[in-house]
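Visitor: Assemble the complex: chain A is given as a structure, and chain B must be docked to it using the hints.
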Amino acid sequence: MAIIDRFFSRRRFLGGSAMAITASALGMPSVRTARAQAATFKAGVITSLSGENILGGNLTKQGYDLWADAIKAKGGVEVAGDRFKVEMFYGDDQSSPATGADAAERLIVQNGVDVLFGPYTSGSTIAVQPICQKYQVPMISGSAESPNVWKAKPEFNFGIIPAVDTTSGLSLGVLAKLSNPAAKTVAVISVNEPFSKETGEGFRDGAKAAGLELATYELVPPEGDLTPVISKIAALNPDIVAVGGHEEVLINVVKTSKSLNYRPKALIMHYGITNPAFAQALGADADGTTGVVVWLPTVSYKDDLFGTAKDFAQMAQKKLGGEPDYTAAACAASGLVLGDALKRLGKKPALTPEDRVALKDAIAETDIQTFYGPIKFEKDGPHYHDNIQPVPVLVQIQGGKTVAVGPKEAAAADYIYPLPAWK
Amino acid sequence: MDLFLQTLLNGLLIGGVIATFTIAFQLAFGVLHVIDFAVGGWVVLGGYLGYYVTAWLGLDGFIAIPLAFVLFGAVGYLIGPVLYNVRNSRTARPELMALALSFGLFTLLRGGMLTAWGFNTRNVTTTLSGESLAIGPVTVPLIRVVAAVFAAAIAGGLFLFLYRSRYGLAIRATAENRHNAALMGVNIGRLSANVYGLYAGITAMAGVLMGAIYSVNPEVGLRYTLFAFFVAVLAGLGSVEGALVAALLLGVIEAFVSTYVGASYSLLAIFTTLFLVLLISPRGILRRGL
Chain A
467 MAIIDRFFSR RRFLGGSAMA ITASALGMPS VRTARAQAAT FKAGVITSLS GENILGGNLT
527 KQGYDLWADA IKAKGGVEVA GDRFKVEMFY GDDQSSPATG ADAAERLIVQ NGVDVLFGPY
587 TSGSTIAVQP ICQKYQVPMI SGSAESPNVW KAKPEFNFGI IPAVDTTSGL SLGVLAKLSN
647 PAAKTVAVIS VNEPFSKETG EGFRDGAKAA GLELATYELV PPEGDLTPVI SKIAALNPDI
707 VAVGGHEEVL INVVKTSKSL NYRPKALIMH YGITNPAFAQ ALGADADGTT GVVVWLPTVS
767 YKDDLFGTAK DFAQMAQKKL GGEPDYTAAA CAASGLVLGD ALKRLGKKPA LTPEDRVALK
827 DAIAETDIQT FYGPIKFEKD GPHYHDNIQP VPVLVQIQGG KTVAVGPKEA AAADYIYPLP
887 AWK
Chain B
19 MDLFLQTLLN GLLIGGVIAT FTIAFQLAFG VLHVIDFAVG GWVVLGGYLG YYVTAWLGLD
79 GFIAIPLAFV LFGAVGYLIG PVLYNVRNSR TARPELMALA LSFGLFTLLR GGMLTAWGFN
139 TRNVTTTLSG ESLAIGPVTV PLIRVVAAVF AAAIAGGLFL FLYRSRYGLA IRATAENRHN
199 AALMGVNIGR LSANVYGLYA GITAMAGVLM GAIYSVNPEV GLRYTLFAFF VAVLAGLGSV
259 EGALVAALLL GVIEAFVSTY VGASYSLLAI FTTLFLVLLI SPRGILRRGL
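Sequence order for the protein chains is A and B.
The working numbering puts the first residue of the first sequence at 467, with every later residue one more than the last.
The working numbering puts the first residue of the second sequence at 19, with every later residue one more than the last.
For the record, the hints were derived by calculation from the structure and aren't laboratory data.
Even glycine gets a Cβ: it sits at the ideal position worked out from N, Cα and C.
Please note: incorrect hints may appear among the correct ones.
What the hints assert, rightly or not - Each pair of labels, with its calculated beta carbon distance range: (1) A:A675 x B:L296: 43 to 49 Å; (2) B:P84 x A:N577: 56 to 62 Å; (3) B:G130 x A:Q783: 31 to 37 Å.
Excised from the complex, chain A in its bound form:
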């Protein structure tokens, strides 16, 4: 005990501690200098990395990372003749909007990010928007599709994918043009739940612009049986049946229609048919179903970083082991928006709070062509800060595979219309 006391006296301990603190204090500026020399922009990705939306969450993360990897390979983002690297930080919303808001706040306060890349779900995006507003940090959302995100007129959030009400509405116009003999009437089934209802409303509101007469608009509860609704529509016999719903309802629409021996000339569904599980569940009965996407690897767009849409798809295939869908593409394009805005802003890292507000203004002025398509954000109206430029591409399941059928410049196969009767 005496020996220990001699070696570890209070005086020695305090002296040693003081030296250690002094040494670390002296060391810290050198670390800061090192960081300042290799100044980087900091971007935070907030998405679902666990919970029920983990698959979609990873899709968004992969999209954002594809841009981060591509820009890293170029040496970083170009600002005033120099290139600056981009450091990525990740926050998990655990598939819950409230947790998403907390994670976004942590990315801003603890990691000091200059910009955020938005969540997979529209719900989380809506929850994160007030955090962006509070800390004046811009966010670029590569996935949110609900029009409710943009109805709130978010000052600091920008969306790459057109809201679902615009794409579903426009898609009816594309379908009407492809149909031969020309389709005249449409019936809309809309499931009474978020996203599905908005999709259905898009179909309903887009019918007039597409030159179609609305035969009926049926809002159905998610728990309801579809036989009465399908029987009613069969009695009206419209040319097109358009459905706003998630894949379970879409599968049930096809099954119920077949069990009632009713097949419209065209059956269009917005979301879900590109999920392989749809065709897997229905087998040959899935054939002929039409869907809507905002991007495909076959579109003819290109940019300087990724090259053509096909080049991007090949790069993604190499890194991710599968063909990218439009969400991954839109997330990668979010990075292109950031790179362009930083270049125009001309401010080197680290950005001050004033610079971040200026960055937001620069993003708002975006007007670029990318492999994903044109990107320009709305400055007013119900789609404020959403990019509604891309024209939706119609896809149809043919022989179990999803192929682009319209508009004509994007088509890889002829559109099957009218659909043959059930065998």
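Guide: Just chain B now, with coordinates in the frame of chain A:
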């Protein structure tokens, strides 16, 4: 007129479909005195069995129906005594404890299915999937007819079993007064296990048909639990024969409201019916419930 006839048929067939998973639910309540939240879980498990029988073994979905009865009947037989012991424990409010246990079981089944089989929606294919029969202006979906016949057969079979066999007498005696039944020599614990096994087996069989008529994923179980509960309230809790009548009534209401008023009002119409029945006849439409 054509649409009217089609709507009436749709309604009766929807009722038949709902009845498939509510008849045994009523029997389990009558004996165990537990509102089993897990009913939707058994339906979905049956649906998954049907899917794997078709997808892995390449067999017709109908083959899965007897398999579902054997497999989930055995599982139910093992779970039954646990539920019985909780329901008859000496803790305060054992009926609430049993309700909580069945809710926990439902959550466990749902979570287990999500982990094991993911979120994707599956389909059960049978020889009658998508097949229909045209009778005049009316189209009859054959798979739904199978479900309605199945419900009628189960209801008839249970009725005969309960009223024409000694064991059925013991079940009815237990449902009426379990203490007196025990005094008469009925082994209540074993009878509860058998009844829960019978219920789980029949409900899983109905699940195969649900997978063939609709589709199956772990999230749809809650829907079946809710509809079983709606029918039970309308029929009077525990009334097996009332379940068939109540399911048909709910089906016809849903079909007519969806066709002639609007599908978004169908649940409102169902809830209004439940409210009125509870107000006017709390023991159910046949006044035979508890």
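Visitor: All hints, please: hold or fail.
Guide: Hints, one by one, checked against the model:
no.: 1; hint: A:A675 x B:L296: 43 to 49 Å; in the structure: 48 Å, holds
no.: 2; hint: B:P84 x A:N577: 56 to 62 Å; in the structure: 59 Å, holds
no.: 3; hint: B:G130 x A:Q783: 31 to 37 Å; in the structure: 34 Å, holds
In terms of the numbered hints stated before, the structure departs from none.
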